[in-house]
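*Asks:* The lines below spell out each chain.
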Amino acid sequence: MATETGPVAAPGKGGDGDASKIIRFEKVVKRFGDNVVLRELDFDVSPGERVALIGPSGSGKTTILRLLMTLEKLNGGVIWVSGDPLSHMRKGDQLVTADEKHLRQVRQTIGMVFQQFNLFPNMNVLRNVTEAPIHVKGVARDEAETKARDLLNLVDLGDKYDAHPSQLSGGQQQRVAIARALAMEPKILLLDEVTSALDPELVAGVLDVLREIANTTDITMLFVTHEMRFARDVSHRVLMFDQGQIVESGPPDQIFSNPQEQRTRDFLHAIIEER
Amino acid sequence: MSVVLQSFPLLLQGLILTLEITAGGAVLALVLAFLAGLAGTARSRILRAVSRVYVEFFRGSSALVLMFWFFFALPLIGFRFEAVAAAIIALGLNVGAYGGEVVRGAILSIPPAQYEATIALNMSPALRMRRVILPQAWASMLPPFGNLLIELLKATAVAALITINELTFVGQQQRAATGESLPIYTTVLFMYFVVAQVLIFGMRRLELRTARSLGRAPAARRGRRPALAGVGDGGGSGGVG
Amino acid sequence: MQWDWNYAADIMPRLLDGLVVTVSATLVGYLIAVVLGLAIALLRRSDNRAVSGTVRWIMEFIRSTPLLVQLFFIFFVLPSFGVVLSAFTAGVIGLGLHYAAYTSEVYRAGIEAVPKGQWEAATALSLSPGRTWFGVVLPQAVPKVIPALGNYLIAMFKDSPMLFGITVVEMLGAAYQIGAETFRYLEPMTIVGVLFVVVSIPASILFRYLERRYGH
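From first to last, the protein sequence lines are chains V, Z and Y. In our numbering, each residue's number is its place in the first sequence (first place is 1) plus 20. In our numbering, each residue's number is its place in the second sequence (first place is 1) plus 478. In our numbering, each residue's number is its place in the third sequence (first place is 1) plus 124.
Treat the hints with care, as some may be off.
Under the rule of at most 20 Å between Cα atoms (straight-line distance), these lysine to aspartate or glutamate pairs were calculated in the DMTMM-like manner [said to hold, decoys possible]:
| # | chain 1 | residue 1 | chain 2 | residue 2 |
| --- | --- | --- | --- | --- |
| 1 | V | Lys-121 | V | Asp-104 |
| 2 | V | Lys-121 | Z | Glu-594 |
| 3 | V | Lys-207 | Z | Glu-658 |
| 4 | V | Lys-207 | V | Asp-182 |
| 5 | V | Lys-167 | V | Asp-182 |
| 6 | V | Lys-167 | V | Glu-60 |
| 7 | V | Lys-121 | V | Glu-92 |
| 8 | V | Lys-157 | Z | Glu-498 |
| 9 | V | Lys-41 | V | Glu-163 |
| 10 | V | Lys-47 | V | Asp-104 |
| 11 | V | Lys-93 | Z | Glu-560 |
| 12 | V | Lys-41 | V | Asp-54 |
Treat the hints as calculated values from the structure; they're not laboratory data.
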């Protein structure tokens, strides 16, 4: 998971990302074949900030989360996380493609919740949550299980420790997935259309849990969503994407009540029509 | 009938050796299958190539010819094997090659989303394989493994041709001694049949249990054992021998 | 013991004679397996449960017992019922019967893959059962299973040395005879092993390609 471009000159002064920004995209390019998904994208996120990414499908929002989670390689530019390059590592004054060790280092601060939950079917609910803390971070089993129970209570699944993922509804599975991501104590939580795969009546339960987390923690959140009400309530800032670029950026009140760009207006209009 | 009664204890002894060769071959084949399957999905091109060569070569060779070669040819260049060892090694190498394709196919059939979830939890590749991928892949390995186990059991009969006194060999001896070929061979065939049915039953139980532990509905049991042509990546050839 | 190229060259003609027997036994046996397998597949679809059930268990029996013992049975038991077969004939019948149990499963899968609507359309047109099978169902089912059937040709080729067990002098038998006469097993056994691999690996790669290309 690194660039195809090989060594690049470290951009900016001395190459360090601004450490006051927890995430910084610098001229990030991502292509799938001939299809350019992100074209020289620049943006940054402050610690504790909650950013909603909205826009039509295919506009590159999900790709941003997947790049941050190192699930995709970038084709150009640099992503900085807490001042460290994500897919690169420093070698002298150059940045070279990161190796597995570096990736594992930087991933420690990032967690992700997927559209399709992606729970492990070979483990029960509790083990899904404790697996990584125990075997990746080396947390003692007792401690990991206590923590997992707290988290499962938080997501309102206090009675489902023993259940098998397949016995849970989609909404319950997604709440387990949220607990699983939080158990690793990430500084950044990426949420990729976490309610899109759910039946309408299960959406609220998941969003309530996320609201609770937003209100009670200072975790940095990036979420891709089509739930505009949720985006408005929870985010500090909204980024409107189209065709791999940021069309408009601003506080939720401004974006939703008084959008400046025609494309934003069209998009919001289309979303409301749909509902 | 009296012939069968007289020969029965001897046939039973032969059956025990048959079971031992089957067990030995199965253990060797299982180990080789996992080595070949893991190497076949490794990132290293060299490992993948080694796995490919092993699988193609031993799937392409005849188990009986291989056994003869181990038993008659290799001693002449200084590698001497006990007959039973030659049989176990030849069968294990052969069945392991088919099993390697099963393991590889099962690993590759795990959805990419599961890999992504392990990356998001920062698991190392080894941990991911051990705790997430293999436990799930195991469920899809079991049905083809069951077929291979039956093929292995059947293939042990050729050990009779290198004078190992397993079931088939004892059957031949008893036919020669008594001249009663019908009752002897019928008994021998039924012994294989019963063992095969027991193995099939056991594997089926294991499949059910594994499927349940993954929360899957167990695969419907329509006409058990799809033809062996389905072994591996949809292209493995049939018959082990 | 050193590998002796001259000796290897000397014994080649006899081994190639053996190869001819191996190949003929495989081809004749395969013909039996392909034809008989289709007949069995049709019998298993019989509405008469006694017929389909009996056929199913016979095939189960054949599939779960060793080919070698089946060959012994045909070769040594049948004569006591007045059926005397040459070793070669007994061998190809055994091979063909054993693999018919496998090919019938391949046909069955192919037949089951024909959409139900095809049967319903045939009924709606009042086609006779014969026309339905041979005019509608099999022409759709059989082409798709040809690559899978091809795999069994290779499997039979690799199993054909078992005919040596009932005194057929095919390739392995020839190698064994040569070895017994000269006490040099290295060359004949190695050549036979190599010949098997040289034939079956390219063939299996070919059939896998065909299966990916035309199968399913």
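*Asks:* Between the alpha carbons of V:Lys-167 and V:Glu-60, is the straight-line distance 20 Å or under?
*Replies:* violated, 41 Å
*Asks:* Take the C-alpha atoms of V:Lys-207 and Z:Glu-658, compute the straight-line distance between them, and say whether it is at most 20 Å.
*Replies:* violated, 81 Å
*Asks:* With the threshold set at 20 Å, check whether the alpha-carbon distance from V:Lys-41 to V:Glu-163 stays at or below it.
*Replies:* At roughly 32 Å apart (the allowed maximum being 20 Å), V:Glu-163 and V:Lys-41 break the hint.
*Asks:* Hint check: V:Lys-167 vs V:Asp-182, CA-CA at most 20 Å. Holds or violated?
*Replies:* Since the Cα atoms of V:Lys-167 and V:Asp-182 sit roughly 15 Å apart, the hinted pair holds (cutoff 20 Å).
*Asks:* When you check the alpha-carbon spacing of V:Lys-121 and V:Asp-104, does it fall within 20 Å?
*Replies:* holds, 14 Å
*Asks:* Assess, step by step, whether the Cα of V:Lys-207 is no farther than 20 Å from the Cα of V:Asp-182, and give holds or violated.
*Replies:* violated, 28 Å
*Asks:* What's the verdict on V:Lys-121 and Z:Glu-594, does the C-alpha distance respect the 20 Å limit or exceed it?
*Replies:* holds, 17 Å
*Asks:* Holds or violated: V:Lys-157 with Z:Glu-498, Cα cutoff 20 Å?
*Replies:* violated, 44 Å
*Asks:* So if I understand the rule, the pair passes when the alpha-carbon distance is 20 Å or less; does V:Lys-41 with V:Asp-54 pass?
*Replies:* violated, 32 Å
*Asks:* Under the criterion that the straight-line Cα-Cα distance not exceed 20 Å, is the pair V:Lys-93, Z:Glu-560 satisfied?
*Replies:* Roughly 54 Å separates the two Cα atoms, so the pair is violated.
*Asks:* Straight-line Cα separation of V:Lys-121 and V:Glu-92 no greater than 20 Å?
*Replies:* At roughly 17 Å apart (the allowed maximum being 20 Å), V:Glu-92 and V:Lys-121 satisfy the hint.
*Asks:* V:Lys-47 and V:Asp-104 were given as a pair; does the straight-line alpha-carbon distance stay at or below 20 Å?
*Replies:* Holds. V:Lys-47 to V:Asp-104 sits at ~16 Å (cutoff 20 Å).
When held up to the earlier numbered hints, the structure conflicts with 3, 4, 6, 8, 9, 11 and 12 and fits the remainder.
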